[in-house]
Structure formats: C-alpha cells, structure tokens
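S.K.: Protein chains in written order, with the working numbering: chain C, 17 to 505; chain F, 17 to 505.
Everything labelled a hint here was simulated from the structure, so no lab data went into it. Watch out, some of these pointers could steer you wrong.
Since the list can't tell identical chains apart, any single copy or any two copies may satisfy a pair.
[Stated by the list, open to error] When the alpha-carbon atoms are kept at most 20 Å apart in a straight line, the in silico SDA-like pairs for lysine to any residue are as follows: (1) 464 <-> 481; (2) 443 <-> 25; (3) 464 <-> 137; (4) 53 <-> 130.
Given next are the chains, with one letter for each unit.
Protein chains: 2
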Amino acid sequence: MPLVAALDAVPGLRSVLGLFEGVCTGAADGYGRMAGKPALTLLHLGPGFANGIANLHNARRARTPIVNLIGDHATWHLAADAPLHSDIESLAAPVSSWLRRGDRAGDLGALVAEAIAAAAAPPGRIATLIVAHDAQLGQASAAAAPREIQPAPPASEKAIRAAAVALRRRRPTALFLGGEALGRRGLLAAARVAAASGCRLVCETSPARLERGAGLPAVARFPYFPEQGLAALAPFEALVLAGAQAPVAFFGYPGQPSRLIPPGCETSTLATADKDVPGALEALAEALAAPAAGETIKEQRPSRPAGALTPESLGAAIAAAQPDGAIIVDEGNTSSAAYFALAAGAPRHTYLALTGGAIGQGLPCAAGAAIASPGRRVIALQADGSGMYTLQALWTQAREGLDVTTVICANRSYRILGVEMARAGMKDLGPQARGLMSLSDPALDWVKLAGGMGVPGARVETAEALARELERAVAEPGPHLIEAAMAHG
Amino acid sequence: MPLVAALDAVPGLRSVLGLFEGVCTGAADGYGRMAGKPALTLLHLGPGFANGIANLHNARRARTPIVNLIGDHATWHLAADAPLHSDIESLAAPVSSWLRRGDRAGDLGALVAEAIAAAAAPPGRIATLIVAHDAQLGQASAAAAPREIQPAPPASEKAIRAAAVALRRRRPTALFLGGEALGRRGLLAAARVAAASGCRLVCETSPARLERGAGLPAVARFPYFPEQGLAALAPFEALVLAGAQAPVAFFGYPGQPSRLIPPGCETSTLATADKDVPGALEALAEALAAPAAGETIKEQRPSRPAGALTPESLGAAIAAAQPDGAIIVDEGNTSSAAYFALAAGAPRHTYLALTGGAIGQGLPCAAGAAIASPGRRVIALQADGSGMYTLQALWTQAREGLDVTTVICANRSYRILGVEMARAGMKDLGPQARGLMSLSDPALDWVKLAGGMGVPGARVETAEALARELERAVAEPGPHLIEAAMAHG
Chain C
17 MPLVAALDAV PGLRSVLGLF EGVCTGAADG YGRMAGKPAL TLLHLGPGFA NGIANLHNAR
77 RARTPIVNLI GDHATWHLAA DAPLHSDIES LAAPVSSWLR RGDRAGDLGA LVAEAIAAAA
137 APPGRIATLI VAHDAQLGQA SAAAAPREIQ PAPPASEKAI RAAAVALRRR RPTALFLGGE
197 ALGRRGLLAA ARVAAASGCR LVCETSPARL ERGAGLPAVA RFPYFPEQGL AALAPFEALV
257 LAGAQAPVAF FGYPGQPSRL IPPGCETSTL ATADKDVPGA LEALAEALAA PAAGETIKEQ
317 RPSRPAGALT PESLGAAIAA AQPDGAIIVD EGNTSSAAYF ALAAGAPRHT YLALTGGAIG
377 QGLPCAAGAA IASPGRRVIA LQADGSGMYT LQALWTQARE GLDVTTVICA NRSYRILGVE
437 MARAGMKDLG PQARGLMSLS DPALDWVKLA GGMGVPGARV ETAEALAREL ERAVAEPGPH
497 LIEAAMAHG
Chain F
17 MPLVAALDAV PGLRSVLGLF EGVCTGAADG YGRMAGKPAL TLLHLGPGFA NGIANLHNAR
77 RARTPIVNLI GDHATWHLAA DAPLHSDIES LAAPVSSWLR RGDRAGDLGA LVAEAIAAAA
137 APPGRIATLI VAHDAQLGQA SAAAAPREIQ PAPPASEKAI RAAAVALRRR RPTALFLGGE
197 ALGRRGLLAA ARVAAASGCR LVCETSPARL ERGAGLPAVA RFPYFPEQGL AALAPFEALV
257 LAGAQAPVAF FGYPGQPSRL IPPGCETSTL ATADKDVPGA LEALAEALAA PAAGETIKEQ
317 RPSRPAGALT PESLGAAIAA AQPDGAIIVD EGNTSSAAYF ALAAGAPRHT YLALTGGAIG
377 QGLPCAAGAA IASPGRRVIA LQADGSGMYT LQALWTQARE GLDVTTVICA NRSYRILGVE
437 MARAGMKDLG PQARGLMSLS DPALDWVKLA GGMGVPGARV ETAEALAREL ERAVAEPGPH
497 LIEAAMAHG
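Could you put together the complete structure from these sequences and hints?
M.R.: Here is the structure:
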C-alpha cells in the first residue's frame with residue numbers, strides 16, 4: 017500500500033492495472049522486449065508473485081529486462097507466520113538473476129537503482145526486490161543516483177577472426193542468429209556476411225524479438241521438432257552461433273538427441289548473447305570484405321485467402337492485412353504454424369515469440385508491447401487453449417485503449433497434445449484422457465468473453481470473413497478480438 | 017502425456033479439466049476439504065506448477081490433503097536446459113510438506129503410495145512428486161500396496177487434565193477452535209464443554225471447513241483486524257486452543273502486535289491440529305462431567321431483504337435462500353462480511369473460507385467442493401476482483417454440470433485496498449494509485465463472461481431481485497452465476 021500510494025509522488029510514472037499477476041509479468045515482458053528497458057511490476061507477497069512466475073519464466077528465456085518489487089510483511093511480523101507468509105526467496109530464485117531483500121527504508125533507493133541496473137545490463141535479465149512493509153512505511157534516503165548501464169562488451173577479436181577463417185572456406189555453413197542479432201542492425205550485417213560467404217541465415221525457433229519483412233534479409237526459422245531441426249542442419253558442415261545458444265530439443269524424445277547439431281557439423285561461436293552481437297556481425301562482415309549491403313526481401317504479400325480457416329489461410333489473411341510496422345505476437349501454436357513463412361515479404365514488422373514455452377503469454381505480451389509502442393498496431397495470434405490462461409489481459413487492453421487486434425485461433429482443443437500423443441504412438445485414448453485434451457463441451461464463446469471485458473469482438477468462420485474483419489480492426493483505434501473458427505476443430 | 021494416456025488404464029479414475037492450473041489446485045483444495053481425502057493434480061513442468069502455487073498456498077494453510085504430480089523432462093534431457101526447464105524443487109518446496117522426484121519407472125508405484133499416505137495422514141498436507149518423462153514411459157513395477165494411514169494420535173492426558181482444571185476455575189474463558197474441532201463431532205463436544213464450564217466458543221477467522229447452522233452450537237468468529245481481535249478477547253482471562261494456533265494479525269500494523277492475545281490472558285493448548293481434536297474435546301467434556309448435549313441453535317433465518325444491495329442485504333438474501341445442506345464458499349471479502357452472522361441460524365450447512373489469503377480461490381474451490389459432494393448445492397460468494405483471478409473455473413463448472421450458484425459481489429473495486437489505505441491514513445491518493453484500485457472503466461460484465469464459458473447468468477441490482485434469482489438458481493441443477501451490483505460501487 018505505501019508503494020501504491022507513492023506512485024503519484026514522482027511525475028512520469030504510469031501505472032497499469034492487470035487483473036491477475038500473470039498479466040502484469042507478461043505485459044512487462046512485452047514492454048521490455050519492445051522498449052529495451054525494464055518495466056516495473058508491483059506484486060503482493062509470495063502468492064501474488066507466484067501468479068506471475070510463468071510469464072517471468074518466458075521473460076527470463078527472452079532475456080527481457082524486468083524489475084519486480086514484491087511487497088512483504090513487516091520484518092517484525094514475519095515470525096508470526098501469518099496466513100499470507102511464505103518462502104518468497106524460494107519462489108523467486110528460479111526466475112530471478114538478481115534477488116535481494118530491502119528491510120530498511122534507507123536502503124531502498126540504492127537497492128532499486130541496483131535492481132534497475134541489474135535488469136537493464138545487456139542482454140537483459142530479471143531483478144527482484146522484496147520490500148518489507150516497515151521499510152515501505154519508513155523515510156527513504158535521498159533518491160539514489162541511477163547506476164550507469166555498461167553497453168555489451170565486444171566479442172573477442174579471436175572469435176571474429178576464427179569465424180572469418182571458417183566462413184572463407186566456403187563450406188556449406190549456417191549462421192545461427194539469436195538475441196540482438198535479430199534486430200535490424202544485426203540482420204543487415206548478417207546479410208552482408210551471407211553475401212560475402214554464401215552462408216545461410218537461420219534464427220532461433222522462438223525469438224524474443226525478430227525484425228523482419230521487406231527490406232530485411234530472409235532468415236529461416238529453426239524448426240520445432242528435433243527430427244526437423246536435424247534435417248534442417250543436415251546440409252551444413254559448419255554452424256556459427258551469433259547471439260544464440262546451440263539448438264536443443266524442446267522436449268526429449270526417446271531415440272532422439274537433446275543437442276540438435278548433426279554429427280560432423282563443426283560448431284563455433286562468434287559472440288554469445290551477453291556480447292555486442294551486432295557489432296561482432298559487422299566486424300565479421302568487414303573481416304570478410306563483404307559488400308556494403310546484402311540481399312534483402314522485396315515486399316510480396318500473399319493474396320487474400322478464401323475458404324475454410326486452416327493454418328495456411330489464417331496465416332495468409334494475417335500476412336495480407338498486417339499494416340506497415342505491425343508487431344506480431346505469436347502464441348498461435350499449431351494454428352499459426354504457417355504464418356511465419358507467409359509473412360516473410362510483408363511490410364517491415366516485429367515478431368515476438370513464446371520463448372519459454374509457458375503458455376498464457378500472448379495476450380499480456382501484446383498489451384505490454386502496445387504500451388511500449390504507441391502508433392504501431394499489435395496483432396496477437398492466440399491459440400484458444402493458451403489464451404484462456406491469461407484472458408484477463410483483454411481488460412487491460414480495453415482500459416488502456418491499446419491498439420491490439422487479437423485473433424483467437426479457435427480449434428477448441430489442446431491440439432499440440434494430440435500431436436505429441438500421435439508422435440509417441442499413443443493411440444486409442446480412452447475417455448478420461450480425451451477429456452483432458454478437448455476444449456469443446458461447452459464451446460468457449462470468445463466474443464462474449466471479450467465483451468465482458470470491454471473489448472469488441474466478432475466470430476468468423478471463413479478466410480474471407482477473417483480478412484474483412486482484420487482490415488476493419490487494424491484500421492480502427494483500440495483493441496478488437498476476432499474469434500477465428502478453425503476448420504476441422 | 018504418458019500419465020494422461022494412462023488415466024484410462026485403471027477403472028474408477030475421474031479426470032476433470034481445468035483451463036488454468038490455479039483452477040486445478042483450487043478445485044483440489046475444495047475437493048480435499050469436503051471429501052477428506054486427496055485429489056490428484058496433474059501439472060506440467062515448473063511453469064505449469066507455478067500457476068497452481070497460489071491455491072496450493074491456501075490449501076497448505078487449510079491443511080487440505082493434495083497430491084501433485086508434476087511431469088518433468090526426461091532425466092537425460094535436463095542438462096540441455098531446454099526452454100521449459102526450471103528449478104521445480106525451488107518452486108514446489110514452499111507449498112509442499114512432502115517433495116520427491118521419481119526418476120525411474122520402477123520406483124513410481126511406491127512413491128505414489130508414499131505421496132498419498134503423506135498427504136492423507138492427519139491433519140492433511142500437500143505431497144508433490146516430480147516424475148521424469150523417461151520414468152513415465154518406462155514399465156512400472158506391480159502396483160504398490162496402499163500405505164496404511166494412521167489416525168490422528170490422541171492429545172496428551174496431561175493437556176486434557178490441565179484444560180479441565182483451567183475450565184473448572186470458571187474464569188471468563190474462550191475455547192478457541194480450529195481444524196477438526198469445527199466438524200460436527202468437535203462442535204457438539206465443544207458445546208458440552210461450554211455447558212459445563214460457561215466458556216465461550218470462538219473459531220479461527222478463516223476456517224478451512226466449519227459445520228454450522230441449526231442444530232449446532234453458536235460459534236463466534238475471531239475478527240479480521242487486530243484491534244477487533246484484541247477487543248474480542250479482552251473479556252477473557254483464559255484461552256484454550258483446540259486444533260487452532262494462537263491468533264496472529266493477518267498483516268502487521270505499526271503500533272499493533274503480531275500476537276493477538278491480550279496481556280494477562282492465560283493461553284493453553286488442549287490439542288494441536290495434528291492430534292485427535294474431536295476426541296480431546298469429548299475427553300474434556302467427560303472430565304468436566306458435562307451434560308450429554310450442550311446448547312445448539314434453532315433454525316431462524318433472516319427475512320427476505322429488500323432495497324439496495326449492501327453487505328447486509330446480500331448476506332440476508334443468501335442466508336434466506338440457502339437450501340438445507342448447502343456448502344458456502346466465501347471469498348466475498350468486504351462484500352460478504354455481514355453474511356456469516358446472518359446465517360448462524362440457517363439450516364445445517366458447511367462454510368469454507370479463504371485460509372491463506374491468496375485470492376482467486378473461491379470459484380475453483382466451489383468446483384472441487386461440488387465434485388466431492390453430489391446432491392449438495394454449493395453457493396460461492398465471490399468478490400469480483402478476486403473472482404477475475406481464476407474465472408476459468410466457471411468453464412469447469414459448466415462442463416461437469418456442477419450444482420454451483422455463484423454470486424459475484426460486484427463493487428467494481430479492490431475495496432479492501434481502500435480500507436487498508438484509510439486505516440494507514442493514506443488519503444488524497446493521486447490518479448496513478450487510484451487507477452490500481454478501481455475495476456471500473458471498463459466495467460466487467462460477468463453475465464457475458466459466464467456465458468462465454470457456458471454458465472447461464474443474470475445481473476441484479478436490488479436485494480429483492482437477488483433473492484428471486486437465488487431461489488430460482490438453487491432449485492435448478494447445474495451452475496448459475498448472479499452478478500450482484502453492490503450499492504455505492
């Protein structure tokens with residue numbers, strides 16, 4: 017309460033209410049990815065923090081800068097083991113790179129400055145400060161001076177020289193891009209490297225933030241399933257990592273490896289994510305005497321699709337309608353699988369993926385991205401099962417008047433579970449198992465759900481209708497929701 | 017997936033889908049409180065478990081038996097640090113009294129039997145088993161024999177004698193009841209003790225499960241705020257604890273104590289919650305040569321209220337309409353504060369409170385209580401702000417056709433925060449702080465939200481309309497939702 021009451025004491029703070037902590041942390045993730053600086057979450061004790069953990073997990077994987085302030089009991093009240101008391105440190109440690117407790121008012125200024133610096137230092141991390149109630153009530157010392165944020169250090173000269181030597185051999189080579197390599201500067205440098213060396217550009221399966229579209233180079237996305245990943249890298253004799261970790265399987269499947277680099281493919285690292293990755297790519301381009309510009313994509317959109325709503329027609333409808341400068345938040349899972357390739361030639365846009373696999377990230381992330389990016393249209397491709405995790409985010413979108421168009425990909429099932437069951441050869445499931453994978457009976461009515469939170473909505477059952485509703489929604493300010501009824505459930 | 021696929025392998029299992037893990041754990045809490053035996057939750061990796069922590073926190077405070085199975089990566093895949101990997105033990109420890117990892121298929125039978133026994137042993141606790149994917153895929157050994165559950169041991173003879181001596185002195189004494197003391201057997205024994213000694217019966221502020229109504233003794237509820245609690249105990253020279261811990265303040269307020277026992281009030285313990293508390297109360301009644309029955313309440317309901325919806329008229333409407341054998345799940349917070357006293361003479365019913373203060377418990381708990389109690393009507397008194405935390409529970413109520421009547425107490429604010437602000441003397445809040453406490457702009461439409469999940473609903477703005485809708489709802493099978501528009505926001 018003292019922290020809430022203090023929000024008006026300093027001009028320039030903007031408070032945004034989420035009706036569930038997972039909305040707050042997911043929005044902080046979206047904000048941090050787009051703004052490149054931390055949002056602050058204000059959370060209440062262990063259970064309030066716990067509600068935000070899943071989206072902090074995603075943010076940690078995205079290397080998003082976030083500062084969490086957790087209000088705790090007064091120091092003198094902890095021993096009472098009051099009902100809301102719990103072991104906050106144990107809950108916070110798995111998602112916090114920096115974790116401290118502020119028990120005295122006089123320490124808070126310096127601790128908050130330290131938390132902000134810890135979060136904002138490249139490549140970005142999560143800093144959590146637990147603030148005791150008596151410390152909140154006390155008199156803070158003078159505001160601490162902001163800590164200087166050091167830029168990311170350069171990659172080693174040796175690594176750059178080694179990468180240049182490897183690429184000059186002109187073996188079939190993949191330049192595997194992640195983190196800051198996926199910004200405009202990194203991509204344009206990577207395109208120059210590709211022009212000089214003939215290497216192929218590949219990016220992480222689930223990028224935290226990828227700039228793409230017309231005017232930027234073509235980048236293949238590393239596939240999701242391990243056998244597909246191994247096949248994608250099979251043509252290559254060398255793999256050079258730039259801001260990305262060596263690819264591993266999302267899940268471990270019997271008989272398939274964790275590490276997805278084919279035998280005989282030599283792997284080296286140009287720059288890890290904590291280094292100046294765009295600078296390393298530029299230095300590599302220089303070392304290769306690359307041309308001033310590599311190949312980039314010309315604008316080419318799919319035509320407006322027609323017929324039933326499939327992953328292909330849904331992807332085409334989005335790619336055809338997305339305005340220049342759109343921000344695409346993709347938690348469409350199986351339903352949006354075709355979109356990425358179809359949008360390669362769409363006007364310049366930013367693509368935000370589910371980095372940590374913890375579902376329920378899309379709607380909050382879209383809210384945070386919109387807050388960070390006034391004037392840009394956010395389009396959230398949202399699977400229905402995942403969307404139900406944090407549907408409360410729609411209310412925040414309405415309250416803040418955010419320019420978010422949500423497309424609910426309504427297949428009324430946890431389709432990915434069916435895919436995994438089939439992969440594992442588990443067929444002829446019984447009614448108890450089947451019941452856990454179906455979202456029908458009763459069917460969710462997303463137009464009503466959105467309307468209940470102040471977001472206007474429409475349900476569409478064809479690709480034509482989706483295209484029409486999309487064109488209308490992206491042209492009008494504020495949030496809208498379109499429930500896209502996927503064919504075949 | 018292998019655990020899901022196996023659900024049909026053994027007859028008699030019933031799977032219930034929650035669209036968010038907080039629904040699953042809250043429903044397991046409601047089930048365990050009513051059934052007295054553990055429900056099993058099936059959760060996915062660290063983030064899936066994390067989504068269920070807040071309601072496990074409540075269940076831990078309620079001493080509800082629950083077994084959590086958390087599916088983890090294959091043992092050989094952990095080192096890859098795949099996107100969904102996290103420190104599950106660190107997340108699970110704060111809410112788990114028993115926490116183990118099952119890495120080999122051959123161990124699972126014995127581990128599950130141990131987990132069930134750990135959870136079910138009186139007074140009930142949470143057992144969490146993390147099961148690696150390769151262990152799930154392997155061949156389990158023969159089913160382990162169920163472990164024998166030992167009943168709660170008796171309280172010490174010495175403690176019973178000491179309590180009898182204290183009560184015979186006939187000083188003003190409060191018998192402070194919690195846990196199993198609040199079941200029918202414990203309460204009837206406590207009434208005999210009161211008849212013999214003149215002591216007053218008081219119960220915990222937030223009982224996990226309290227039997228009450230006509231035919232049971234009057235029990236005062238210990239108040240929420242510390243100054244009220246101290247005042248309530250001020251007349252007493254002695255306090256005897258039976259299944260309850262000594263009362264502490266919910267939050268620590270400057271100038272007020274943590275421990276809420278007035279100076280000079282002698283405190284003793286008849287039986288801690290892990291002992292046979294009803295048996296101890298019966299033994300105490302015998303030691304006092306108490307009559308065979310104490311005083312109990314006669315049925316007396318408030319009359320149907322009229323006028324604006326206030327905590328008083330809302331409480332009267334519920335108490336007037338609740339059918340015999342109702343289960344009342346109370347997360348109405350400030351809006352339901354008057355209900356408890358008004359329902360003292362309602363027909364026999366069961367009252368379930370928010371034990372751990374982690375909001376978002378009511379709707380899931382109501383679902384679990386209904387699953388455990390076919391043929392009984394569940395009435396959930398649900399604050400709107402708290403209800404939004406886990407509104408997905410309405411879908412489970414619809415799918416399972418549960419006899420739950422939800423009354424949303426719609427004051428469109430986090431009213432308790434305003435109360436706390438006023439108590440702390442924080443007035444003249446600015447717009448940033450005020451914005452975090454108001455749920456208006458846009459107003460939530462709970463009838464649409466419920467309809468979107470298959471639950472029929474109605475909005476009422478007067479006490480007469482609430483009474484009418486309640487009478488209709490409790491007479492029809494299946495779930496209903498009534499949005500009660502509280503006067504004065």
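S.K.: Hint by hint, note whether the structure agrees.
M.R.: Going down the list of hints, with the structure as the test:
For the identical chains of this complex, residue 464 and residue 481 are intra-copy neighbours only, at 19 Å inside a copy versus 24 Å across copies, given an alpha-carbon limit of 20 Å. For a Cα distance limit of 20 Å, the shortest separation of residue 443 from residue 25 across copies, 13 Å, qualifies, whereas the shortest one inside one copy, 61 Å, does not. Taking the shortest alpha-carbon separations for residue 464 and residue 137, neither the intra-copy value of 43 Å nor the inter-copy value of 44 Å comes in at or below 20 Å. Within a single copy, residue 53 and residue 130 get their C-alpha atoms as close as 14 Å, which meets the 20 Å cut-off; across copies the closest is 48 Å, which misses it.
When the structure is compared with the earlier hints, a violation turns up for hint 3 alone.
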